[in-house]
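Throw the hints in and build the complete structure from the sequences for me.
If you want the building blocks of each chain, they are given just below.
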Amino acid sequence: MITSITIENFRCFRTLTIDPIKRVNLIAGSNNMGKTAVLEALWMLGSSENHDITKYVTKFRANSNELTLEWLFYEKSTANCLQVKALDENGGAICYRLRSDSAGDMQRVAEQPATYDEHGANAYRANPAGILVAEVSQPSGECAGWSVSPSGGASSSRPDGFKPLRIVGFAAEAAQINIDDIDRLSSIINQSSDNALLPFLQILEPRLQRITIVTHNGNPYIAVDIGLNKSIPMIALGEGTLRVAKWLLGIMSAGGGIVLVDEIENGIHYSVIKRIWKVLALAATQADVQVFATTHSWECIIAAHEVFAESDFYDFALHRLDRMSDGNIKAVTYSKDALDASIEMGMEVRG
Amino acid sequence: MISNVSVDPPKSRGVSATIACDAILLVEGSDEADFIEAILLNIGLQESIEIINMGGKDKKRRVVEALTNMSAFTLGAVKSVGVVFDADDNAKSAFDKATGLLKDLKYSLPIPEEPCVIVGMINGHVFMYFLMVRQTACWKLSACK
Chain A
1 MITSITIENF RCFRTLTIDP IKRVNLIAGS NNMGKTAVLE ALWMLGSSEN
51 HDITKYVTKF RANSNELTLE WLFYEKSTAN CLQVKALDEN GGAICYRLRS
101 DSAGDMQRVA EQPATYDEHG ANAYRANPAG ILVAEVSQPS GECAGWSVSP
151 SGGASSSRPD GFKPLRIVGF AAEAAQINID DIDRLSSIIN QSSDNALLPF
201 LQILEPRLQR ITIVTHNGNP YIAVDIGLNK SIPMIALGEG TLRVAKWLLG
251 IMSAGGGIVL VDEIENGIHY SVIKRIWKVL ALAATQADVQ VFATTHSWEC
301 IIAAHEVFAE SDFYDFALHR LDRMSDGNIK AVTYSKDALD ASIEMGMEVR
351 G
Chain B
352 MISNVSVDPP KSRGVSATIA CDAILLVEGS DEADFIEAIL LNIGLQESIE
402 IINMGGKDKK RRVVEALTNM SAFTLGAVKS VGVVFDADDN AKSAFDKATG
452 LLKDLKYSLP IPEEPCVIVG MINGHVFMYF LMVRQTACWK LSACK
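Line by line, the protein sequences are chains A and B.
Using the working numbering, read the first sequence as starting at 1 and increasing by one per residue.
Using the working numbering, read the second sequence as starting at 352 and increasing by one per residue.
No wet-lab data here; the hints were simulated from the structure.
Treat each hint with caution, since some may be false.
[To be verified] Each computed DMTMM-like pair below joins lysine to aspartate or glutamate, with the alpha-carbon atoms no more than 20 Å apart:
hint	chain 1	residue 1	chain 2	residue 2
1	B	Lys410	A	Asp337
2	A	Lys76	A	Glu8
3	B	Lys430	A	Asp322
4	B	Lys443	B	Glu464
5	B	Lys457	A	Asp183
6	B	Lys457	A	Glu8
7	B	Lys408	A	Asp340
8	A	Lys336	A	Glu299
9	B	Lys430	A	Asp326
10	B	Lys430	B	Asp409
11	B	Lys454	A	Asp337
12	A	Lys336	B	Asp455
13	A	Lys278	A	Glu310
14	B	Lys410	A	Glu348
15	A	Lys336	A	Glu310
16	B	Lys457	A	Asp337
17	B	Lys408	A	Asp337
18	B	Lys457	A	Asp340
19	B	Lys410	A	Glu306
20	A	Lys274	A	Asp225
21	A	Lys85	A	Glu135
22	B	Lys408	B	Asp373
23	B	Lys410	B	Asp455
24	A	Lys274	A	Glu263
25	A	Lys336	B	Asp409
26	B	Lys457	B	Asp437
27	B	Lys410	A	Asp340
28	B	Lys430	A	Glu348
29	B	Lys448	A	Asp337
Here it is as structure tokens:
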């Protein structure tokens, strides 16, 4: 489990440390404080492939095509290495680094999104002078990464047995069942005779009796039986249930890793938030997954606090991002007692 | 000014409170709140100091921790914080509790060995001093800029 994270020279963060990190982490703060950027930083920890890095990192943003590579770096300065470093409970470090030896040329290429291909590498191979290097290291010391050189294009290295941190991310946009969700459910069904997703979702939708993968005209989709004459597509369920189902599939398929959710309260009625937190907490603990979610919702924070306060172990933290007078952003982490008193006294915790 | 921060059940609260003044005084209960409000009114400082009723003497550490986590505090909008200790019949015990509270804070402030001494700075621009008057012990954070 990750116990702390330090982000350097990334987006709006010169240096940001969040410590301690728990099983479930809510990230609050005013607009433009970098809540989604924290998710993006964590997202990078799971990357060791030669991606179109800009497109990869900005998956949580709707208009990501407008963001060029230099926007990944603090104050758009590619002179310094971008780094995300997470420490585990044993003091081991998972570290992602991205650096450029030629900011100007990299910028010029990045301003031509039409040159991107699905692998990303060729986009930078066209760069006549620049070099871009990314690497991710594990607590064991193993390191994987890729680089794009001015002469020969891309190269990558990945030791045998290297396993990047498993990370699943969900943007704030409306939920749709996609092929990733179907693959995850398929894997879950294949791993056990019981559909492990069912009991979790039944807590939210008691009518649910069965979840299956059905193929129609060669196209697979997820169908649910809620006691009607025949099964219905899962997408026929409400937005909130659909989102929770996707998160659960993500948690159950990211064993030992991380699940990221942007604006977790979207589409969720306040009256069921506490039940949802119970389900997510249970699923995350069973799968040994850490959850990071952003929120603006007071009810969401209270519900998460109450669920973990009622559990045997308060494995939850609220982290608020504040912009200090010097312009740097700092994380303020609430302990159980501090959050309990804040809620009881009605003190604002969201910034 | 007595803060409208109260101890209503969280679920009944639609919004949460923010700090209105740059000086805050935490008190244990409504008696202290009324008493100090009357003093502030008498000396014309009722709009300058926000009194927060913690709703019990055992809640000091939790409330102070919550307060010092608020944006108003971390961003420097709050310049002074005081906590009133009701010493009852044991001033030494109250002093020990006050220093214990200081130890629990994350600012690593020096711990005074006696009341009425300046004990340190926070974030480079906030003093703390501590005083005890007969039955009441009080420590205070005060801006030095």
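Here's how the hints hold up against the structure:
no., hint, result
1, B:Lys410 <-> A:Asp337, "10 Å, holds"
2, A:Lys76 <-> A:Glu8, "13 Å, holds"
3, B:Lys430 <-> A:Asp322, "17 Å, holds"
4, B:Lys443 <-> B:Glu464, "11 Å, holds"
5, B:Lys457 <-> A:Asp183, "46 Å, violated"
6, B:Lys457 <-> A:Glu8, "24 Å, violated"
7, B:Lys408 <-> A:Asp340, "16 Å, holds"
8, A:Lys336 <-> A:Glu299, "16 Å, holds"
9, B:Lys430 <-> A:Asp326, "17 Å, holds"
10, B:Lys430 <-> B:Asp409, "25 Å, violated"
11, B:Lys454 <-> A:Asp337, "16 Å, holds"
12, A:Lys336 <-> B:Asp455, "14 Å, holds"
13, A:Lys278 <-> A:Glu310, "10 Å, holds"
14, B:Lys410 <-> A:Glu348, "18 Å, holds"
15, A:Lys336 <-> A:Glu310, "11 Å, holds"
16, B:Lys457 <-> A:Asp337, "14 Å, holds"
17, B:Lys408 <-> A:Asp337, "15 Å, holds"
18, B:Lys457 <-> A:Asp340, "18 Å, holds"
19, B:Lys410 <-> A:Glu306, "18 Å, holds"
20, A:Lys274 <-> A:Asp225, "25 Å, violated"
21, A:Lys85 <-> A:Glu135, "12 Å, holds"
22, B:Lys408 <-> B:Asp373, "23 Å, violated"
23, B:Lys410 <-> B:Asp455, "13 Å, holds"
24, A:Lys274 <-> A:Glu263, "16 Å, holds"
25, A:Lys336 <-> B:Asp409, "16 Å, holds"
26, B:Lys457 <-> B:Asp437, "24 Å, violated"
27, B:Lys410 <-> A:Asp340, "11 Å, holds"
28, B:Lys430 <-> A:Glu348, "18 Å, holds"
29, B:Lys448 <-> A:Asp337, "18 Å, holds"
Hint violations for this structure: numbers 5, 6, 10, 20, 22, 26, all remaining hints satisfied.
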